[in-house]
Amino acid sequence: MVSTRVDPLEASDGKHPVSLLELRGIDKHFGPVQALTDVALEVPAGQVTALAGDNGAGKSVLIKCIGGIHVAEAGQILWEGHPIHIRSPRDSAALGIETVYQDLALCDNLDIVQNMFLGRERTRSVLLDEESMELAARDTLASLSVTTVRSIRQPVASLSGGQRQAVAIAKSVLWNSRLVIMDEPTAALGVSQTEMVLELVRRLADRGVAVLIISHNMNDVFQVADRLAILHLGRMVAAGPASTFDRQIVVDYMTTGQSTRHSQAIFPSAEGQS
Amino acid sequence: MAQVQEPPKPAPTEPPDDLASLAAGRAAVSPEIVADTFGEYVRASFARLRAGESGVLPVIVGLLLISVIFQSLNSKFLTAGNLVNLLVQGAVFIMLAMAEVFALLLGEIDLSAGYVGGIGGIVVAELLTSQHGSWPWWGACIAGLTLCALIGALQGTIITRLKLPSFVVTLAGLLIGQGVMLLILGNGGTLPINNGVINDLANGLLTPAAGWVVMAAVVGLFGALTWFRDARRRRSGLVAPPVGLTVLKIVAAGVAGSVLVIICNVDRGVLVPIQGVPWVVLIVLAVLAMWTLLLGRTKFGRYVYAIGGNAEATRRAGVNLAAIRTVSFMLCSFTAGIAGIIYASRLRSVSTNLDGGTLVLYSVAAAVIGGASLFGGRGRPIHAVLGGLVIAAIDNGMGLQGFSAAAKYVVTGIVLLAAVTIDSVARSGRRANTPP
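Residue numbers (the numbering used here), protein chains in the order written: chain A, 1 to 274; chain B, 1 to 436.
Be careful, since some hints might not be right.
As the list claims (entries may be wrong) - Computed list of lysine to aspartate or glutamate pairs in DMTMM-like fashion (alpha-carbon distance at most 25 Å, straight line):
no.: 1; chain 1: B; residue 1: LYS299; chain 2: A; residue 2: GLU131
no.: 2; chain 1: B; residue 1: LYS249; chain 2: A; residue 2: ASP129
no.: 3; chain 1: B; residue 1: LYS408; chain 2: B; residue 2: ASP355
no.: 4; chain 1: B; residue 1: LYS408; chain 2: B; residue 2: ASP423
no.: 5; chain 1: B; residue 1: LYS249; chain 2: A; residue 2: GLU131
no.: 6; chain 1: B; residue 1: LYS299; chain 2: A; residue 2: ASP91
These are calculated hints, taken from the structure and not from any lab test.
Take the sequences, apply the hints, and build the full model.
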């Protein structure tokens, strides 16, 4: 992989210190449809946690509950061990949670700098301070080794899919986000661009950021993830270090919600239900 | 946790632009930001034109083309008297088009602008009359513009809070505005304006010497600001236009200003000498500068463009969409009020002849012809000015030729259709040039 993996969890006697984000018993339904049932999840800092699951398993609902777009009906959200409430995107942004949605939420007509600072522009009295924003954006992109863009003043419309992902990731670095959630970051990308984005994800985690990544792609999952969590029909059926899984096990869990091959007992709450 | 908030490493000073890939011609990017020298700028400009990103150049070419055509048809077209007349006539279109830019940038439209402006004109005219206490001219203007802004805020609130389409809400505004005008003025009524200052807004002239002084001040200010800004950006190693381009911009502003003053200072009177720059030109320039600054250099302006580009992304960025939209509609109506006062000033009266429906359609046409996009997110106040000049030139030139109103409408319609087609083709050109 790109660089050494920082693993604060294993550093401390194998016993978990407090995870950056911990969900307990999250329930969410839309009318008669139960989207999430008693979901538990831990997202430690400095690691990439992959959230896997078949279509309709509830992955998107779960990250929207963390991002404040949906509000969970039951359950607890712990941030550094303290119970908190996330009721709006503003709440989650205030905690330092940045969500990179599948549609990337970039404005095509604005340039890279303008997009990275959208909603948080720096000003000098009432006028925009373009220079300091441009310098900060440039430094951030350079620190992530994103050098493929021709000019940071080019409109986002002229960027490739991978470059757009890079801008979205750089945005979260610029804002010192502590948890970055990514929804299928490589879904629309070619091979080399996927590689670039996964390297960026790795670098992000190496900076101490907690990364939660949704992916269907087993190659991506095993290339980049430190931990895995698998949803099946709205329940968390397995979670643990990526090294305890292999492809077949993950596919078993995704499709049937259980795996006969998987020996490790992972998640007390998930076990209790199944 | 020790690694959180690691400070970003200092950037290696790599050249930000890969000119090799630029030369390959995949350029939907403004040439100002990828060129280091003037020659590269010119090449990048052509690449960009081919890619469908045109800027203001096509409008200027179109304006020159129209001038040549009308001049060859009628040698009076390019006389000083007619050109100044054209500027004054065009001021109302230009002002309304600048108003419309606020709505178009959001991807919305304001059909009521013409009659809202008319109401602004009526309020000013009424307050100046003795039965309403003969307000001072500035007091009347403040009252009229405030009312217009309130109307805009009301329409904006209805559009954003009730989530109704702006087309329908402002269509209702158009009808109500027309009704209110008829109500105040009476059927076929006319309200004359006897205030010298108000009438001078459109009809007054600077003395020739004052014209030069003002022109020198405006161009000097523009030049100094442009030069120092570009120089500072180059010093701090930011993306900046090449020196040659900065100089060219300043020289072009100087030449344009001088030509304008020279034309306006020609004695165009028949019996008594008439010469000088019309006040209205300064009003247009002041509003242009104000809105360019607001849209280009403030948070509000940035959010207006962002909403036009991707409203959902802007909402997720924590921007209060409803507030920005409402203020936009307010500024649209406010600017329309300025247009209405200029309209009243030019005729020295307000009458029920004011056709706010046609005016507003002309102003939307002007903004789009100038280069603003109907789809939102693209367009600047300068586009409104250029588009307004095109509309005024067509109107004026065909009038000189003695064409009927019918022919004028048809030609204006064709020009609008051409402009929208170019806009749409340019959009698909941009999409085609966007890598997957």
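Verification of the supplied hints:
At roughly 15 Å between alpha-carbon atoms, B:LYS299 and A:GLU131 fall within 25 Å of each other, so this suggested pair holds. For a cut-off of 25 Å, the pair hint linking B:LYS249 to A:ASP129 stands: about 23 Å separates their Cα positions. With a C-alpha separation of about 15 Å, the suggested pairing of B:LYS408 with B:ASP355 holds against the 25 Å cut-off. Taken as a hint, the B:LYS408 and B:ASP423 pair is honoured in the structure, with Cα atoms around 22 Å apart against an allowance of 25 Å.
Note on B:LYS249 and A:GLU131: the hinted pairing holds, with a Cα-Cα distance of about 21 Å set against a maximum of 25 Å. This hinted pair checks out: B:LYS299 and A:ASP91 have alpha carbons roughly 22 Å apart, not beyond 25 Å.
In summary, the structure agrees with every hint in the numbered list given earlier.
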